Amino acid sequence: MNDVEPSSTGLPSDLPAHAARLLHAVRQEQPLIQCLTNSVVTNYTANVLLAVGASPAMTDIGGEAGPFARIASGLLVNLGTPTPEQRLAMREAVAARRSVGGRWVLDPVAVGALPVRTALAADLLDVGPTVIRGNASEIRALAGQAGGGRGVDSTDSAADAVPAAIDLAARTGGAVAVSGAVDEVVGAPARVGGDTGGAVERYRNHHDAALLTKVTGGGCALGAVIAAFLAVGPDDSPAICAALATGYYTLAARQATEVSTGPGSFAVALLDRLAAISPDEFAADTGLSVVPATATDDDANASAATAATAVDTAATAVAASAATVETAVDTAATTESAAVRTGATR
Amino acid sequence: MNDVEPSSTGLPSDLPAHAARLLHAVRQEQPLIQCLTNSVVTNYTANVLLAVGASPAMTDIGGEAGPFARIASGLLVNLGTPTPEQRLAMREAVAARRSVGGRWVLDPVAVGALPVRTALAADLLDVGPTVIRGNASEIRALAGQAGGGRGVDSTDSAADAVPAAIDLAARTGGAVAVSGAVDEVVGAPARVGGDTGGAVERYRNHHDAALLTKVTGGGCALGAVIAAFLAVGPDDSPAICAALATGYYTLAARQATEVSTGPGSFAVALLDRLAAISPDEFAADTGLSVVPATATDDDANASAATAATAVDTAATAVAASAATVETAVDTAATTESAAVRTGATR
Amino acid sequence: MNDVEPSSTGLPSDLPAHAARLLHAVRQEQPLIQCLTNSVVTNYTANVLLAVGASPAMTDIGGEAGPFARIASGLLVNLGTPTPEQRLAMREAVAARRSVGGRWVLDPVAVGALPVRTALAADLLDVGPTVIRGNASEIRALAGQAGGGRGVDSTDSAADAVPAAIDLAARTGGAVAVSGAVDEVVGAPARVGGDTGGAVERYRNHHDAALLTKVTGGGCALGAVIAAFLAVGPDDSPAICAALATGYYTLAARQATEVSTGPGSFAVALLDRLAAISPDEFAADTGLSVVPATATDDDANASAATAATAVDTAATAVAASAATVETAVDTAATTESAAVRTGATR
Numbered sequence: 022m023n024d025v026e027p028s029s030t031g032l033p034s035d036l037p038a039h040a041a042r043l044l045h046a047v048r049q050e051q052p053l054i055q056c057l058t059n060s061v062v063t064n065y066t067a068n069v070l071l072a073v074g075a076s077p078a079m080t081d082i083g084g085e086a087g088p089f090a091r092i093a094s095g096l097l098v099n100l101g102t103p104t105p106e107q108r109l110a111m112r113e114a115v116a117a118r119r120s121v122g123g124r125w126v127l128d129p130v131a132v133g134a135l136p137v138r139t140a141l142a143a144d145l146l147d148v149g150p151t152v153i154r155g156n157a158s159e160i161r162a163l164a165g166q167a168g169g170g171r172g173v174d175s176t177d178s179a180a181d182a183v184p185a186a187i188d189l190a191a192r193t194g195g196a197v198a199v200s201g202a203v204d205e206v207v208g209a210p211a212r213v214g215g216d217t218g219g220a221v222e223r224y225r226n227h228h229d230a231a232l233l234t235k236v237t238g239g240g241c242a243l244g245a246v247i248a249a250f251l252a253v254g255p256d257d258s259p260a261i262c263a264a265l266a267t268g269y270y271t272l273a274a275r276q277a278t279e280v281s282t283g284p285g286s287f288a289v290a291l292l293d294r295l296a297a298i299s300p301d302e303f304a305a306d307t308g309l310s311v312v313p314a315t316a317t318d319d320d321a322n323a324s325a326a327t328a329a330t331a332v333d334t335a336a337t338a339v340a341a342s343a344a345t346v347e348t349a350v351d352t353a354a355t356t357e358s359a360a361v362r363t364g365a366t367r
Numbered sequence: 022m023n024d025v026e027p028s029s030t031g032l033p034s035d036l037p038a039h040a041a042r043l044l045h046a047v048r049q050e051q052p053l054i055q056c057l058t059n060s061v062v063t064n065y066t067a068n069v070l071l072a073v074g075a076s077p078a079m080t081d082i083g084g085e086a087g088p089f090a091r092i093a094s095g096l097l098v099n100l101g102t103p104t105p106e107q108r109l110a111m112r113e114a115v116a117a118r119r120s121v122g123g124r125w126v127l128d129p130v131a132v133g134a135l136p137v138r139t140a141l142a143a144d145l146l147d148v149g150p151t152v153i154r155g156n157a158s159e160i161r162a163l164a165g166q167a168g169g170g171r172g173v174d175s176t177d178s179a180a181d182a183v184p185a186a187i188d189l190a191a192r193t194g195g196a197v198a199v200s201g202a203v204d205e206v207v208g209a210p211a212r213v214g215g216d217t218g219g220a221v222e223r224y225r226n227h228h229d230a231a232l233l234t235k236v237t238g239g240g241c242a243l244g245a246v247i248a249a250f251l252a253v254g255p256d257d258s259p260a261i262c263a264a265l266a267t268g269y270y271t272l273a274a275r276q277a278t279e280v281s282t283g284p285g286s287f288a289v290a291l292l293d294r295l296a297a298i299s300p301d302e303f304a305a306d307t308g309l310s311v312v313p314a315t316a317t318d319d320d321a322n323a324s325a326a327t328a329a330t331a332v333d334t335a336a337t338a339v340a341a342s343a344a345t346v347e348t349a350v351d352t353a354a355t356t357e358s359a360a361v362r363t364g365a366t367r
Numbered sequence: 022m023n024d025v026e027p028s029s030t031g032l033p034s035d036l037p038a039h040a041a042r043l044l045h046a047v048r049q050e051q052p053l054i055q056c057l058t059n060s061v062v063t064n065y066t067a068n069v070l071l072a073v074g075a076s077p078a079m080t081d082i083g084g085e086a087g088p089f090a091r092i093a094s095g096l097l098v099n100l101g102t103p104t105p106e107q108r109l110a111m112r113e114a115v116a117a118r119r120s121v122g123g124r125w126v127l128d129p130v131a132v133g134a135l136p137v138r139t140a141l142a143a144d145l146l147d148v149g150p151t152v153i154r155g156n157a158s159e160i161r162a163l164a165g166q167a168g169g170g171r172g173v174d175s176t177d178s179a180a181d182a183v184p185a186a187i188d189l190a191a192r193t194g195g196a197v198a199v200s201g202a203v204d205e206v207v208g209a210p211a212r213v214g215g216d217t218g219g220a221v222e223r224y225r226n227h228h229d230a231a232l233l234t235k236v237t238g239g240g241c242a243l244g245a246v247i248a249a250f251l252a253v254g255p256d257d258s259p260a261i262c263a264a265l266a267t268g269y270y271t272l273a274a275r276q277a278t279e280v281s282t283g284p285g286s287f288a289v290a291l292l293d294r295l296a297a298i299s300p301d302e303f304a305a306d307t308g309l310s311v312v313p314a315t316a317t318d319d320d321a322n323a324s325a326a327t328a329a330t331a332v333d334t335a336a337t338a339v340a341a342s343a344a345t346v347e348t349a350v351d352t353a354a355t356t357e358s359a360a361v362r363t364g365a366t367r
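Chains as they are written, first to last, in the working numbering: chain A, 22 to 367; chain B, 22 to 367; chain C, 22 to 367.
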């Protein structure tokens, strides 16, 4: 599937050519991607980056994470298992990265349901991640839309989180990628006068890659691939880099599904396919469509004005006191705690 | 092999039906299993849980481990690489879990031979794990039966550790699963008057899964599967949940052995088979037999009275001083240090 | 390829027999190898050791690493992700290991480009690792040859680092293994009078194992295999143990390449092949040649006198101040930072 529709918002009209160009550039430039990621998925994430053609470096200790973030080609910060040492290193890396104007990716694993990472995520959000990648529950929680007693909901589709994603993109000026059965990627609304109510760059990915949810790190590794595409497309928007990374990764996953007999052989085949797909093969099947601005965006724009406040509120509510924390967690449990359930490992 | 014998102690007489029901429930309910486990096996353990049909969450930092343990469906604490941060999180998680009456699994990796974890294990044992899973050396060491200058012995069969296992079960009121060429699972002795000298619920697993010893985390991941079975069988005894988890896991391992060409492909095939085995297929080949009370139990009952004291002694002896520590470790080395050798990674 | 040339320096003339004997011994003795290694590769390293026939133990916390290092059969210290806790444990382990005269392996991942590990590496070097294993950039940086504004260079071949390797071997009295398209292994120069200007034991490995660079931990795991070969060949020189471990590991890698369809299936096949190769099969294809002393050695001897000073200088230069650190790192970036790029994960 490759429904490249004419864009009404000045978006790229030739996604296949973009796709081939960026994948080729990853293979040629072998961008050095620094990952501060959770302990469950470090190995798989590094192997995914190697398979893609990039060079991983898991430099995540204090005193090294900052200097390294200045020179790396890309940076991923994933909150899956944020030990005190890693939290220190993450703050150091993000500050150093910002000081040199470098792009970086935030994966807010299980934010909203667990207190330590929720407070950390609010701080990191203030630094302005170039791309935020998460599932629908995490994106909504990060945008402060998980309140009202409902907690996070595992049955959210990615589309349900698009308004929250646009809120976040408006705040950071970057892009937000929401993973789901169909993936959604949005950029920051264009500024109209002093406002952010303009058109939104938006993509949808249609590759069927359901087995990714059966491999730990299946989602986390995508964050690293997005960082690699950002590194080699400095003149491309964060949204199109994130969309193309998603299309490529899920194309490999779909192909891997066809040759595997379960989640173990799928994870192995995914690495093989990531290394094997040529730029031309990717261009012929990006999986992406460009989504024109719709009524959904109007909803989003309406709520964008409250985004900054909402995020701060989310962090405050969770971090305020132990009692509040437990309430927040219990609330999440009541609604099946999907962000928690899947977030901590995928 | 599926020798379901009539039980003389009120044990379930229809293991196949139990087997099918619990495996079906894991797949349906997708229990959320929190794992505080060693850094070597986090990835494989998470992938095993996903393959089984459960949802892993490796939430193991202070400030999050406790709140999470209140809402998780299951909890595994594995002592393989207990950093200070993890030790803090383990104490927090276990206390929180107990406060809500939740079940949990303890895997006392290399206890007895290494000082930090031995002291920690003694404390955790006091909180009453629902199931303890280990190899024969670890179970004997945890029960305080490794003293007398012999240290731990790598040639222990699981059967040799059954008296120690019954001692521990009597103390915790839960079950103990001993891994070996033939696996042994025992429950707590029934109380007769104020004593614990009653009949013991006991199972034996006969599936040949020797290649599990060639994959790091092969044993550790079983602890997580036991936690998943405990989660979906709240009205089933800890012993039968642990036995069925063992039977299912080793059935998948036996099938994986048949299609693999070495330890690498075996580890991959194990994940595929764990996901593929149907409840009916498991029911037709549980691998389990019910073991009637025998003379072995008499030995165990005789020694049960000294169990609590022995465990405290083990921790004290190892933790008392550096000099003692080195003596204990040297002793283990003299007798080939099997718990150390295999325990730290499997 | 198996070009065993007559040695002019008293080196073993029958490499095939040595090869068969040491591999057989690993399988028989199952040496217990303690690994303090980076968080990215713990799992793969443990599985490589199990496949080889050794027993892994990732005992890397303070209070346990030291006592364990006294009793383990071998010890690997890998600086890939040196958290404060691991740095403490590494110092503890190496001191304990030295106190009992035990052999150990140092893998100085990304040394020279990152400040914390560079300072640590200088300290550990003083303790005298039996074997140092790294890529050309790391070996040159550790020997203090990366200064002068050039930083490390990704295009170094292993041969380019032989003078630096000989410098280091002269300082430690052990061996240095340099990984590359063709691997180089050197021993310490023989002492002539009070000087170290004598002949150098030297091997070259010719197996083509390029896919190892596409699997994270592909190089790191070789350090563990070297530790296993050192453990079972106490009367063999460090250099021949390191060379044979390299020949065996890369033979398995070459065979794995032939049966795999990408980096994912290669990593799996490597484990299968490591377990399958028989001592006789290895003897028939060690991949090794003995390198006679050449002019290269003269260069090395000339620079050996300055080695100790150079290493201290490297550590000082990087650790001196934040400003210096950033300069050093920026310099590395300018020259493509290959040690950083590949070192942190391989």
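Any given hint might turn out to be false.
[Stated by the list, open to error] Stretches of chain A that chain B covers, calculated by requiring three or more beta carbons in the stretch to come under 8 angstroms of a beta carbon on chain B:
{"no.": "1", "stretch": "55-61"}
{"no.": "2", "stretch": "75-83"}
{"no.": "3", "stretch": "95-104"}
{"no.": "4", "stretch": "136-149"}
{"no.": "5", "stretch": "179-192"}
Think of the hints as simulated: they come from the structure by calculation, not from any bench. If you're wondering where the values come from, they're calculated on a predicted model, not measured in any experiment. Backbone N, C-alpha and C fix where the C-beta goes; we use that ideal spot for every residue, glycine too.
Against the structure, the hints:
Residues of the stretch 55-61 of chain A with a Cβ under 8 angstroms from some Cβ of chain B number 3, which satisfies the need for three, so the listed coverage holds. As drawn, the stretch 75-83 of chain A meets chain B at 0 residues by the rule of a beta-carbon pair under 8 angstroms; below three, the given contact is violated. Only residues whose C-beta sits within less than 8 angstroms of a C-beta in chain B count toward coverage, and the stretch 95-104 of chain A has 4 of them, enough to reach three; the restraint holds. Check on the stretch 136-149 of chain A: 3 of its residues sit with their Cβ under 8 angstroms from a Cβ of chain B, so the three-residue criterion for coverage holds.
Closer than 8 angstroms: that is the beta-carbon criterion, and the stretch 179-192 of chain A has 0 residues meeting it against chain B, so the requirement of 3 is violated.
Checked against the numbered hints given earlier, the structure breaks hints 2, 5 and satisfies all the rest.
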